[in-house]
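In the order they appear, the protein sequences are chains A and B.
Counting from 1, position 37 in the first sequence corresponds to residue 37 in my numbering; the numbering is continuous, with no gaps.
Plus 1000 on top of the position in the second sequence (first one is 1) and you've got my numbering.
It should be emphasised that the hints constitute simulated quantities derived from the structure, not laboratory data.
Treat each hint with caution, since some may be false.
Sample of chain A residues facing chain B (criterion: CB under 8 angstroms; computed from the structure) [what the hints assert, rightly or not]:
no. : residue
1   : Lys50
2   : Glu95
3   : Ser100
4   : Lys242
With a Cα cut of at most 25 angstroms, we get these calculated DMTMM-like pairs of lysine to aspartate or glutamate [what the hints assert, rightly or not]:
no. : chain 1 : residue 1 : chain 2 : residue 2
5   : B       : Lys1116   : B       : Glu1105
6   : A       : Lys15     : B       : Asp1082
7   : A       : Lys15     : B       : Asp1002
8   : B       : Lys1093   : B       : Glu1071
9   : A       : Lys249    : B       : Asp1020
10  : B       : Lys1196   : B       : Glu1077
11  : A       : Lys249    : B       : Glu1057
12  : B       : Lys1196   : B       : Glu1206
13  : B       : Lys1171   : B       : Asp1082
14  : B       : Lys1096   : A       : Asp20
15  : A       : Lys16     : B       : Asp1082
16  : B       : Lys1093   : A       : Glu246
17  : B       : Lys1005   : B       : Glu1105
18  : A       : Lys101    : B       : Glu1105
19  : A       : Lys16     : B       : Asp1104
20  : B       : Lys1005   : B       : Glu1206
21  : A       : Lys101    : B       : Glu1206
22  : A       : Lys16     : B       : Glu1206
23  : B       : Lys1005   : B       : Asp1185
24  : B       : Lys1128   : A       : Glu246
25  : B       : Lys1027   : B       : Glu1061
26  : A       : Lys101    : B       : Glu1077
27  : B       : Lys1186   : B       : Asp1262
To be clear about the criterion: a stretch of chain B counts as covered by chain A if any three or more of its residues have a C-beta under 8 angstroms from a C-beta of chain A, and this derived list gives those stretches [stated by the list, open to error]:
no. : region
28  : 1051 to 1065
29  : 1181 to 1189
30  : 1218 to 1229
Glycine residues also receive a C-beta, built at the ideal position from the N, C-alpha and C atoms.
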Amino acid sequence: MTMIWYIKGTMVLFKKDLMDAFNSPFIYIIASLFSLIIGWLFFNYVIAAKDLTTLSITNAVLAPVFGNINLLFIFLSPMLTMGLLTQERKNHTLELLLLSKLNISQIVIGKFLAGISMAWFLLLLTIIFPVMIGLTGHGDIGMIISTYVGFSFTLMCFISVGLFASSLTDNPIVAAFMGFAFLMLVMLLAVSLNATNNWMLGEIAQYLSIAYHFEAFVRGEIRSYDVVYFLSFTGFFLWLTKESLETRKW
Amino acid sequence: MDVIKVNAVTKIWPGLKALDKLSFSVKKGTIHGFLGPNGAGKSTMLNILVGLTNPSEGSVEVSGTIGFLPENPPLYENMVVDDYLKFVAQIFKMEKSIIRTQIDEIINQCSLIPVKKRLIGNLSKGFKQRVALAQAMINNPDIIILDEPTVGLDPNSVIEFRNLILSLRCKHTILFSSHQLTEVDKICDDLTIIHKGILIESGPKEKIKKMFGSKQVLNIELLNWNTNTQNDMSNLFGFERMEVALKNNHTSIKIYLNSLQDVRSQIAKYLVENNCGLVSMNEERLDLEDVFKEITQG
């Protein structure tokens, strides 16, 4: 298969799913809910920051807001991805895709890109907060950029987990819960390592946790081993999704 | 020449043997009917043919491209017919330059012009089925496989759909499944019948009709009936079996005939001449399930 067809075929599916997503009210409902919560949190942190003198405004306002955005995405991204493969299965259009000239990895990547685009649409709504802080003259451009790079990576992880969950069932609600449960589990690894006295186990749990790798980005650090972690995490779940679609034949 | 060859295919789902050493072949340029009652394994076999399912044992050989209309039409309800066909053409890797002309031709062929710009979700079942057929034909396949294409359509749509299938026979080989004998009887050249995953018979229609479908069954309602008439008729027409029931003041009889030709007019003539008070007579169409009942009972 030529590279050109690989990209072209993937894009056809991606475009269709993107149209689907943005033609339905669902994404706008999620987006408004998301903006409401984040806007309210931002407002609260700004109010609280006026009493604090020891922290910079970036650390007092933006850092916690960014942490909350990441947490919210654990809930929201399984909702964004829940329909991607469940709907195809329910409408029996998955058979159409599997019979077409697209191979399974093209289907997985196309769906993944559609999920990422939806997540990025939500994320773009949050750009207003650093811009507002920046206009006051307190912004830290380097930290903001590294945080959004970090967001891109965590979203890749979240979406790939959600996509895998949606390949397992034909019920979107079940898919959303499975995706959410798994992401919560990975997130909680960071918390549970406090409870262990075993240093080795603690280190491993810490390395496996998404939150631990994301933290560095919020501090303005971009470390290569975090990037490796995110890419391999995403790659692993995309591979699982592909395998899950392939087992349909058996 | 055989375009499809199925060699001893077995498919085992957990706890269920769906297909058991099934073998048959489909000749080029024919309309081949694939018959069996519900749950016989028809859809499983067709899914194996198109490559959606792998067989547990055995193999299939298909020469040529396949267009497939599954039992549940694979439609995006929120897409416009025209866009949907364009999407299908694209994922089937068709040349950009010929997509437009090909879609227009197929829309024409499937009589979809009035609904071309409408959402698939708002179409009637008959139109949806035609869109799904258009999808199967989009890349001009050599073989078209249809899985119970007329189930759930109203009688008029069934006739239109049947004519549409007939109009395709010059260009394509068609394999289609059904559980209604009368349905395939009208359009098929060859037949394959399966039951519980086992091949019952495969071959030209005429040959198989003699074995299964040729028995005529008549429902007759009479005012006057006695055992003399019964014996008399039995000698004249050669029944295989007769069921007599008394309904109000009518006698209703059900006759299973042995003969191959239609004897309705002779029976009617006999009943009128003997003053039996013929009220009604109609021919019962044997569904495949009835035929199987017949076979297993006999």
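Next item on the list: Could you tell me which of the numbered hints above are not met by this structure, giving the numbers in increasing order?
Entry: 1, 4, 7, 10, 17, 21, 22, 24, 29 and 30
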